[in-house]
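For reference, the chains in residue letters:
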Amino acid sequence: MEQGKNKTFVDKIWDFFASVKFAVVIFALISSTSIVGTILDQKAEPAKNLQILTKLFGESLSPILYNIFDKLGFMDMYHSWWFTALLIFFSLNLIICSADRLPRIWKLVKEPLGPVPEANLKKFPIKQEIVIKGNPDTVKDSVKNALKSTLFRFTEIKEESGYQLYAQKGNYSRLGVYITHLSILIILIGAVIGIRFGFKGYLNLPEGDVSHAAFSEMEKELPLGFEIRCDNFDVEFYGESDMPKEYKSWLTIIKDGKEVLRKSIVVNDPLSYEGITFYQSSFGLVPDGLSRGIFIFNVAPAGGQNSTINLRYGDTFQIPGSSVSGKIMNFSPALKIDEHGHASSYANHMDNPAVLIDFFDAGKYKYSGWILKRNPQTWQLPDGPRVEFIDYWGVEFTGLQVRKDPGVWIVYFGCIAMSIGLFIALFLSHRKIWVKLVEEKNNTRVIIGATANKNRTAFERKIDRSMAILNKKQEGEK
Amino acid sequence: MESSVLFGLSTMAYFVAMMMYITYLAFRKPQVGVLATTITIFGFVSQTIALILRWKEFADLSGMGFMRSVPLTNLYESLVFFVWCLIAGYLIIEFKFKIRSFGAFITPVAGLALAFIDLTGVSKEIQPLVPALKSNWLLAHVTMSFIAYAAFSLSFSTGLMYLITKTEKRNELPYIFWTVTFGIFAVIFVAMGIDMVTFKVAVKPDVFVKTYLFKTSFFSTSPIVKILSWILGLTTLFIIWRYGLFLKKVIDKFNVTADMLDEITYKSIAIGFPIFTLGGLVFGAIWADQAWGVYWSWDPKETWSLITWFIYAFYLHGRMIRGWRGKKVAIVAVIGFMAVIFTYLGVNLLLSGLHAYGGS
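Chains as they are written, first to last, in my numbering: chain A, 1059 to 1536; chain P, 76 to 435.
In short, the hints are calculated from the structure, not lab data.
Backbone N, C-alpha and C fix where the C-beta goes; we use that ideal spot for every residue, glycine too.
Certain hints may be false.
Selected chain P positions facing chain A (in silico; Cβ < 8 Å) [to be verified]:
| hint | residue |
| --- | --- |
| 1 | Phe102 |
| 2 | Ala190 |
| 3 | Asp364 |
| 4 | Val369 |
| 5 | Thr378 |
The whole structure should be built from the sequences, with the hints applied where relevant.
Structure (structure tokens):
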């Protein structure tokens, strides 16, 4: 109580923020609210979360609970004011508890090691005592030598009855904790810079289109400062399946009317230009695709040369060097033909693009057939000519995630610092050792006291081993 | 030889080893202990070979090169790797600390994890990779996460053993805590076992059991079954609470000191925590940044990793600053592992999100 009286209000607040108790409360609050956030779908349709709540609490309670959670901001909780406040408190706790302890630790780290009286030597957690032949002057070096494996550099002082040697190692390892704390702050600063000076958006860019901006979640335009064009988009599948192996977009950056960069991107390999990064994230069909798309066919007469033709939906074409002509009648992005021979699309993606063509010979109708992009067998017509379905270009869009984040390198720097800090804090130990050499009738009593703040047993084993060597050597000399 | 044969062999070995370790615990015949260790090592070696073979099969199949074809892309493969890490960690402890009784607590976890695979009908097929998983980060991120998970599960076992040996009264909180935790684990395993059996008999197999969990017990449509299973579950908890002191006597017969258990708990966490931080959180963030364009998106897996990280950070702070030893920190270690289980399995089985790969 006495101490409390002398403290000012500011001191009390300071102590509160520096306390482990406060840290625990913040840890617990962040964790428990986050759990709610992982159960409720963030930024989802209300119906979805109502369904989740009904499943957990029943029909009658769910609307009430939904309202409560909604009012408290749990539907987008990681961006709510109170979650931000919790993160701020977390940072404050880190700053203040480090500022509170660091000066003291720093002083301790800086303080040079000094000799200790014999009585104190025996109070250390690691103790050893042996007597060896010879006076301290002659013994000194062999003791040092024996302890060589512990890699200490000893300070040596002369005492009345002999010598005292002492040394320490890993002194700075006590700062590892503070590196870790600081690194968390660095990461948070990087995150704030990213939010403040960067943006996160998306861009659904149809093949052949150019855009000067991306769009935020709220459909706000985010100017890029240059233009980006999607030259082509393609999906590769695993064998015959509809499981995508890779999606690829061929992109071109246009700055001031000039093409400055071309790159094809896939998932895990984005394109960066002027601090803005484009990630392959999704794909789909352009709503009015049929009117804008271009069919690319390689056609050849029976046994003849291939030639490439570009066509639009409904176009008629002639296969060069033959009397066969065709007319594009229908298109399906994902063709399925059921047992009755009825054709339909099973997906709204280009999983199995197919085109229906009516064929004529010298103007007379011959037959119709579906030609499938993924199935070369359908390219061969019954009487010789070939129609290879290469692409239906312009009907797909590539879904790009667009991000500008000037803080990301700060975050990474923080991550590296955190890993180093943790390694130091958890694996490097601060070891101290004192060795007293006392003369005893032509013999020397060697008294060792030592301590380590981590992995003490390993240190103790090392010292034991050194002493055993010393003993053995002595016996050998006898 | 095919990898699946060797995997089967190792599963069997772990089960036999489990029985040997328990026999050893009960009768304290040193020969039985040596046999248990030998069988565990045999299981471990065959599992190691199996892992390498599967890795090679995957690399041959995908044609992506060895480093990218890590066989760690679905629930089956991750469970197998988790067991491998766990046994490796256990063997290190057995040789370093010369305690064998601990094996009776670890081999059941390994055996049950592998049995879980067989019983749930988790797909064992080598599945082609979705584009997001095609990255060099897969190896570092996933292996390090699982090494950390294994270290955490070791700390869980020793933490629990510590609580068992250190509690004497039925009304003290740590005793209630460990008996209830132990009981819940036991009840869940039994309930899942019943699920699997009825699932295999009644419903078509080859389908993952995910949507079927506890439908034959706690969430049954029949009210009688439902009430009965809750009563049985609670009775089991009560019995474990009532007779839990017996387990203490069993452990006490061995030369396992509480200090040693405390030390192993701490060391496992001290090793697991930085590996989890670097491999799980940092590498995960870098990879997410590359693949999705956000290094942190509060995805359920990320959030649960953070919660896990907080709990173990709390453990380390408690030990370092407060100088807490003993029961308090052991409880934190046990709670930490529950968060690990949820991060690993719960998120994939119960929640949705970007990390949906491990759910089938």
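Hint check results:
Because the closest C-beta pair between Phe102 of chain P and chain A is about 31 Å apart, greater than 8 Å, the hint is violated. Because the smallest distance between the Cβ of Ala190 of chain P and any Cβ of chain A comes to about 28 Å, over 8 Å, the interface hint for this residue is violated. The beta carbon of Asp364 of chain P comes within 7 Å of a beta carbon in chain A, closer than 8 Å, and the hint placing it at the interface holds. Restraint check, Val369 of chain P versus chain A: the minimum CB separation of about 7 Å is within 8 Å; hint holds.
At a threshold of 8 Å, the smallest CB-CB gap from Thr378 of chain P to chain A is about 5 Å, leaving the interface hint in force.
Hints 1 and 2 from the list above are not met by this structure, while the remaining hints are.
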